[in-house]
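**Student:** The lines below spell out each chain.
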Amino acid sequence: MSFAPLQIDPAVLAEGVNLMWVLVVTFLIFFMHAGFAMLEAGQVRSKNVANQLTKNLLTWSVGVVMFFLIGSGISSLVGGSGFASAALVGSSGDWVGWLFGAVFAMTAATIVSGAVAGRAKLRAYVTYTILLAAVIYPVVTGLTWGGGFIASLGYQDFAGGMIVHGMGGIAGLTAAWVLGPRIGRYNKDGSVNVIPGHSLTFAVLGTLILAFGWYGFNVGTAATVFAVEDGALTLGAFSYVGRVAMTTTIAMACGAIGASAVSLIKTGKVDTLYVANGLLAGLVGITAIPDTTTWWGAFVVGGIAGAQLPIVFGFVEKRLKIDDVCAVFPVHGSAGVIGTLLFPFVATSSALEGTTMVGAFIDQVVFVVIVAGWTIAATALVFGVLKAIGQARVTPEHERDGLDISEHGVDTYPEFGVDDGVATDGGSIVRTDGSVAGSEVTDNE
Amino acid sequence: MSFAPLQIDPAVLAEGVNLMWVLVVTFLIFFMHAGFAMLEAGQVRSKNVANQLTKNLLTWSVGVVMFFLIGSGISSLVGGSGFASAALVGSSGDWVGWLFGAVFAMTAATIVSGAVAGRAKLRAYVTYTILLAAVIYPVVTGLTWGGGFIASLGYQDFAGGMIVHGMGGIAGLTAAWVLGPRIGRYNKDGSVNVIPGHSLTFAVLGTLILAFGWYGFNVGTAATVFAVEDGALTLGAFSYVGRVAMTTTIAMACGAIGASAVSLIKTGKVDTLYVANGLLAGLVGITAIPDTTTWWGAFVVGGIAGAQLPIVFGFVEKRLKIDDVCAVFPVHGSAGVIGTLLFPFVATSSALEGTTMVGAFIDQVVFVVIVAGWTIAATALVFGVLKAIGQARVTPEHERDGLDISEHGVDTYPEFGVDDGVATDGGSIVRTDGSVAGSEVTDNE
Amino acid sequence: MSFAPLQIDPAVLAEGVNLMWVLVVTFLIFFMHAGFAMLEAGQVRSKNVANQLTKNLLTWSVGVVMFFLIGSGISSLVGGSGFASAALVGSSGDWVGWLFGAVFAMTAATIVSGAVAGRAKLRAYVTYTILLAAVIYPVVTGLTWGGGFIASLGYQDFAGGMIVHGMGGIAGLTAAWVLGPRIGRYNKDGSVNVIPGHSLTFAVLGTLILAFGWYGFNVGTAATVFAVEDGALTLGAFSYVGRVAMTTTIAMACGAIGASAVSLIKTGKVDTLYVANGLLAGLVGITAIPDTTTWWGAFVVGGIAGAQLPIVFGFVEKRLKIDDVCAVFPVHGSAGVIGTLLFPFVATSSALEGTTMVGAFIDQVVFVVIVAGWTIAATALVFGVLKAIGQARVTPEHERDGLDISEHGVDTYPEFGVDDGVATDGGSIVRTDGSVAGSEVTDNE
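Chains as they are written, first to last, in full-length UniProt numbering: chain B, 1 to 445; chain V, 1 to 445; chain W, 1 to 445.
Hints were generated in silico from the structure; no laboratory data involved. Here a beta-carbon is modelled for each residue, glycine too, at the ideal position from N, C-alpha and C. Please note that a few of the clues may not be correct.
Stated by the list, open to error - One-sided excerpt, in silico: chain B residues whose CB lies under 10 Å from chain V: (1) Ile8; (2) Glu15; (3) Phe30; (4) Leu53; (5) Asn56; (6) Ala102; (7) Asp189; (8) Val262; (9) Ile265; (10) Pro414.
Claimed, not checked - Just the calculated beta-carbon pair ranges, DEER-fashion: (11) Thr355(W) with Phe83(V): 33 to 41 Å; (12) Thr355(W) with Gly147(V): 43 to 51 Å; (13) Leu88(B) with Val365(V): 30 to 38 Å; (14) Gly82(B) with Ser350(V): 22 to 30 Å; (15) His398(V) with Gly147(W): 52 to 60 Å; (16) Pro396(W) with Ile265(V): 34 to 42 Å; (17) Ser350(B) with Thr355(V): 53 to 61 Å; (18) Ile265(B) with His398(W): 15 to 23 Å; (19) Leu320(W) with His398(V): 33 to 41 Å; (20) Leu88(W) with Lys188(B): 53 to 61 Å; (21) His398(W) with Ser191(V): 47 to 55 Å; (22) Gln391(W) with Ala388(B): 54 to 62 Å; (23) Asp189(B) with Ile265(V): 44 to 52 Å; (24) Leu320(W) with Lys318(B): 47 to 55 Å.
Unchecked claim - Covered by chain W, according to a simulated footprint, are these stretches of chain V (three or more residues, beta-carbon under 8 Å): (25) 31-42; (26) 62-74; (27) 84-94; (28) 98-104.
Using the sequences and the hints given, assemble the complete structure.
**Tutor:** Shown next, in the form of structure tokens:
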């Protein structure tokens with residue numbers, strides 16, 4: 001009875017446990033789509049809610065198919081491993097890895113929908129999503145996580161602070177800039193009107209769902225519970241997973257506190273949406289560096305990421321005059337860039353071993369510039385072409401009536417009277433031929 | 001120091017890790033109740049929301065108790081292992097297994113509530129739920145997963161595409177048929193009125209919660225991370241878990257795309273509810289076969305399951321004239337049957353080893369016919385008896401005023417004026433004795 | 001090739017797997033904040049929703065930072081291990097443990113916000129949260145789980161039925177008592193007015209999110225999947241994890257059933273909010289004892305915890321005349337105390353080994369009295385001081401207009417007309433300088 005060496009192969013043990021962990025966190029990251037859907041739905045007018053919800057559903061559905069067939073192959077191609085589409089070369093283990101990559105990709109994609117809310121045509125948005133999932137995002141991951149050009153220079157982005165969130169936020173800003181603002185957002189004299197979203201409750205629900213999923217996003221990127229070294233089982237990324245969990249938590253908290261403080265200073269009140277978006281900005285800020293940041297660094301990064309939110313939002317709104325409806329640039333774009341660039345200044349000493357603070361900073365700047373440049377160029381090109389052929393925006397009439405009716409033929413809240421001048425049918429019963437049921441119905445509802 | 005053989009028993013290792021996995025996915029599947037509650041609440045009128053929510057809460061509460069005391073025993077009895085109620089013969093490990101089974105059982109149960117919304121009496125619904133959890137569903141699992149008659153013939157249903165979803169969807173259709181449509185749903189000339197739900201936002205939130213939980217449902221059914229073979233640790237179901245995750249993802253996406261395409265072709269617009277329900281139909285379609293389907297098969301199954309949704313919904317509504325409020329038959333019933341029957345045509349070659357395509361198809365047909373027949377008969381009997389004794393439906397007055405008031409004494413949204421002719425109290429303050437506070441309150445709210 | 005003894009160290013294996021489990025359940029418990037936010041938001045007036053949401057966001061954000069810097073150190077100090085703040089002495093593994101503790105701490109903190117809704121100043125609430133996270137709660141855990149005085153006497157509280165929920169519920173009741181009721185809650189003749197919450201849908205959504213997270217809370221407290229005994233891997237707490245999962249499930253179900261039954265007896269109808277809160281009370285009731293209760297004991301504890309809810313709520317409302325807005329005392333306070341005290345009467349025989357039923361009961365009484373006494377004293381002191389300096393409540397004008405406007409400057413639902421006499425801006429477009437855009441906007445929304 002001494003067949004012990006054959007009983008448990010450390011590689012099998014590590015594979016099973018690591019697969020389980022990656023699957024669980026992948027599910028959590030997928031659930032962020034519910035978060036984005038609610039966060040964005042809450043921040044748009046009630047006449048555009050169904051449009052926002054549909055865009056979120058189709059981002060995932062269309063995007064994940066494109067990433068399966070093409071994007072995964074483009075990423076490996078740019079990374080130098082040839083066109084290895086998950087559809088053609090996947091096996092059971094590969095498919096888990098593909099899905100883990102896919103939920104990150106779809107996070108980048110879905111960020112854009114919040115910026116272009118209220119006026120982008122559904123088919124314009126879906127066209128962009130197809131290209132983002134098939135090419136634009138895979139080029140970024142190929143250059144970085146996939147081992148391509150940026151990886152050869154050196155950079156730090158643990159879970160996608162720049163690759164996913166920075167990229168998505170910058171893409172959103174670019175798209176909103178090309179599209180132009182919603183009707184009524186700016187006056188002829190250049191002054192700005194606030195168009196408040198229809199439900200803060202849904203927005204905060206979305207925020208908390210996102211924070212929940214983000215633990216999967218950041219902590220889950222510590223993807224190897226176990227590794228095998230010299231034939232022996234060791235903790236893989238789990239040797240530092242506690243730091244990732246701690247810095248993610250502290251940065252999230254300090255993001256909310258930082259945004260609250262700036263809101264209080266600016267207006268004397270604590271704007272709920274700033275608190276929620278500040279919490280998210282804190283999460284974005286730490287996402288590039290949760291594994292390498294000191295505990296006090298998490299306070300710094302989170303606090304700055306949160307505090308910059310109201311300021312950058314005001315700058316985009318009032319100076320750039322870009323109508324970024326759901327504040328995706330201050331939440332994902334600038335917070336992602338800031339966190340990525342702060343890396344050398346808040347890093348643990350071991351994280352900077354073999355380099356200098358200046359050297360690491362230059363690496364990060366080059367990384368950010370390349371990713372931002374590619375994202376801006378590609379996004380401006382796609383929406384520019386769509387705009388040139390008149391396919392980017394809905395008509396002014398449709399925009400005024402709301403995209404729910406013109407693009408989807410639905411009323412999100414048919415029973416609740418809405419005071420913005422858009423007639424609703426008052427929840428009356430509509431026949432499938434379109435006419436409205438009236439007195440001839442004996443037992444009407 | 002060579003006591004290695006005693007250090008780690010592969011069986012203990014497998015047990016601990018497998019228990020962890022099963023617990024995590026069980027929690028995810030449980031969370032689907034939040035998804036069903038939101039999906040259904042969003043699809044009913046505001047006057048029936050609290051009723052729908054209460055039914056969902058009681059489905060779980062009453063159902064899980066019945067399944068603990070009786071249903072688990074009936075299932076084992078029908079499966080041939082004697083009446084082994086979880087209450088009486090359970091131990092720690094058994095109870096994890098029981099709970100894993102219970103969350104599947106309660107999924108089947110809760111589907112029905114969406115079909116009978118807006119007119120079924122609470123006590124009729126609860127009575128049916130008791131019988132479903134104690135007998136109707138356990139008979140199905142006893143015959144199949146429990147090793148009973150259908151298992152002896154041969155069939156394929158990995159995670160309950162037919163056993164859970166097909167069964168629930170068929171039960172819902174049967175119940176809705178026996179109950180008759182809501183007042184106002186059909187006109188005297190046979191034409192149809194649409195009664196739109198009160199909130200697409202809640203419906204889409206429910207959809208995404210369900211999709212999240214579904215990863216637990218399908219991927220979690222690959223329940224053994226590790227197995228022990230010849231004394232050695234091996235990957236159990238985790239040797240193919242990546243296929244399950246991939247086909248589930250692709251089918252979900254293609255369900256949404258398929259339903260969107262049909263909606264676009266039929267009406268020129270993309271109906272948000274069709275996209276959401278199409279995504280769910282794609283998930284239902286793959287649920288019987290995620291472990292055995294090729295990657296292109298997942299596209300086929302998901303696409304068909306999604307595309308059939310608007311068509312089957314129209315058929316049920318206009319031809320059968322059955323008022324299936326939340327479209328549970330096209331989402332769970334027909335999609336579940338279709339996925340189950342498509343098995344031999346999309347299966348990997350190894351999945352058909354030892355049989356033929358025709359042989360496997362006949363097995364699936366027999367399986368579907370038995371489960372459907374039993375479900376229809378049992379459900380029609382229960383609701384038929386309830387109807388015969390006048391206990392199935394609320395009175396027409398109560399139905400018109402809404403079940404929230406008559407069955408629960410509450411107003412779901414007391415502050416929001418509703419335009420459907422039902423008077424609300426305008427959120428005024430009500431005394432606990434029922435009178436309305438007025439001028440005598442000095443500092444009214 | 002016989003280096004087997006070196007291949008897999010059981011301690012490394014246990015550490016990796018246990019860390020994974022603790023992280024997953026920690027995420028689930030964190031998600032309970034979304035549950036509390038929705039449950040409470042649904043139970044307040046629409047004019048106070050943003051305030052409630054902000055309080056929930058800041059409870060987590062401010063609380064977790066305080067618990068990191070100070071609370072963790074106070075807990076260890078009171079427990080007898082010196083001031084070991086997580087900020088200063090944490091390592092990767094310690095930080096996972098800290099975060100696991102933090103999500104329990106923040107659960108206790110967030111309960112209070114539901115009791116003081118609709119009239120507490122934001123800064124009063126945040127001040128209390130800081131003190132709770134830094135001192136009040138850490139003293140309780142130091143005395144118990146941390147190995148302090150109560151631990152030396154003996155007590156049973158597995159997952160915080162008393163330490164977390166009982167403490168939070170009692171703190172909430174105390175704070176609501178010191179603050180006084182909302183304007184309009186009681187008439188001059190002493191009679192009571194019901195002020196219904198604005199959305200049962202959000203309340204039930206919150207309930208189901210909480211139940212989902214509670215599986216992490218209770219089952220996750222069985223925190224050791226594996227242990228190492230005499231050099232060999234064994235199941236740790238997972239040897240009894242099935243009992244925890246089963247009793248938690250049964251008690252939750254029986255809580256909903258118990259509250260439904262009492263509601264039906266009292267009013268002839270099944271109040272949806274009682275069902276939801278009853279389900280939660282059932283969960284609270286079992287939280288101290290899920291590992292030691294028999295299966296029939298789970299029925300008893302859950303049923304009593306649910307049934308007492310409407311009764312205790314009525315007592316607090318009508319006799320004590322304390323305005324506990326979200327019923328946090330009957331849900332968390334009395335249910336937590338009851339479950340804790342029922343321990344000896346429903347325990348398995350092995351759980352009472354070495355003691356007697358009377359001895360165990362006395363231990364539980366002493367434990368409950370000390371925790372309740374400390375909580376009441378500390379909470380009354382903090383809110384008493386705040387009240388004495390006029391910082392506890394908003395002005396009557398602000399209370400009548402709603403805290404959303406006065407404290408946050410926002411309107412949660414700007415497009416939905418609200419019938420409670422509070423003027424809303426009808427969703428009109430507001431300039432950033434505060435003026436309302438009118439006719440000069442050519443293309444208004």
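**Student:** State for each hint whether it applies.
**Tutor:** Cross-check of the supplied hints:
Interface restraint check: Ile8(B) against chain V, minimum CB-CB distance 5 Å, threshold 10 Å, status holds. Using the Cβ-Cβ criterion of 10 Å, the hint placing Glu15(B) at the interface with chain V is satisfied: the shortest such distance is roughly 7 Å. Given the 10 Å rule on beta carbons, the hint for Phe30(B) holds: about 6 Å separates it from the nearest Cβ of chain V. Proximity of Leu53(B) to chain V holds as hinted, the smallest CB-CB distance being about 4 Å (cut-off 10 Å).
Hint on Asn56(B) holds. Least Cβ distance to chain V is approximately 8 Å, under the 10 Å limit. Here the hint on Ala102(B) is kept, as its CB sits about 7 Å from the closest CB of chain V, short of 10 Å. Among the interface hints, the one on Asp189(B) is violated; its C-beta lies about 35 Å from the nearest C-beta in chain V, farther than the 10 Å criterion. With a cut of 10 Å, the hint placing Val262(B) at the interface with chain V is violated, because the nearest CB-to-CB distance is about 30 Å.
Contact between Ile265(B) and chain V, as hinted, is not supported at the beta carbon level, the nearest pair being about 32 Å apart and thus beyond 10 Å. Taking 10 Å as the C-beta cut-off, the interface hint given for Pro414(B) holds, the closest approach to chain V being about 5 Å. Look at Thr355(W) against Phe83(V): about 36 Å separates their beta carbons, and that is inside 33 to 41 Å. Hint check: Thr355(W) to Gly147(V), Cβ distance near 44 Å, so the stated range 43 to 51 Å holds.
Range check, Leu88(B) to Val365(V): Cβ separation about 33 Å, and the 30 to 38 Å hint holds. The hinted range of 22 to 30 Å is satisfied by Gly82(B) and Ser350(V), whose Cβ atoms lie roughly 27 Å apart. At about 58 Å, the beta-carbon gap between His398(V) and Gly147(W) stays in the expected band of 52 to 60 Å. Range check, Pro396(W) to Ile265(V): about 60 Å between beta-carbon atoms, so the 34 to 42 Å window is missed.
Against the hinted window of 53 to 61 Å, the Cβ-Cβ separation of Ser350(B) and Thr355(V) comes to about 58 Å, which satisfies the hint. For the pair Ile265(B) and His398(W), the supplied restraint of 15 to 23 Å holds, since their beta-carbon distance comes to about 21 Å. Between Leu320(W) and His398(V), the C-beta spacing of about 36 Å keeps the proposed range 33 to 41 Å intact. Under the hint 53 to 61 Å, the C-beta atoms of Leu88(W) and Lys188(B), about 58 Å apart, fit the expected range.
In this structure the supplied range 47 to 55 Å holds for His398(W) paired with Ser191(V), their Cβ-Cβ distance being about 53 Å. A hinted range of 54 to 62 Å for the beta carbons of Gln391(W) and Ala388(B) is consistent with their spacing of about 59 Å. Asp189(B) and Ile265(V) have their C-beta atoms about 46 Å apart, which keeps the hinted 44 to 52 Å range intact. Against the hinted window of 47 to 55 Å, the Cβ-Cβ separation of Leu320(W) and Lys318(B) comes to about 52 Å, which satisfies the hint.
Counting residues of the segment 31-42 of chain V whose CB falls under 8 Å from any CB of chain W gives 6; the rule of at least 3 is met. Counting residues of the segment 62-74 of chain V whose beta carbon lies closer than 8 Å to any beta carbon of chain W gives 4, which reaches the threshold of three, so the coverage claim holds. A stretch counts as covered by a chain when three or more of its residues have a beta carbon under 8 Å from one of that chain; for the segment 84-94 of chain V and chain W the count is 7, and the coverage holds. Residues of the segment 98-104 of chain V lying with their CB closer than 8 Å to a CB of chain W number 3, which satisfies the three-residue condition for coverage.
The structure shown violates the earlier hints numbered 7, 8, 9, 16.
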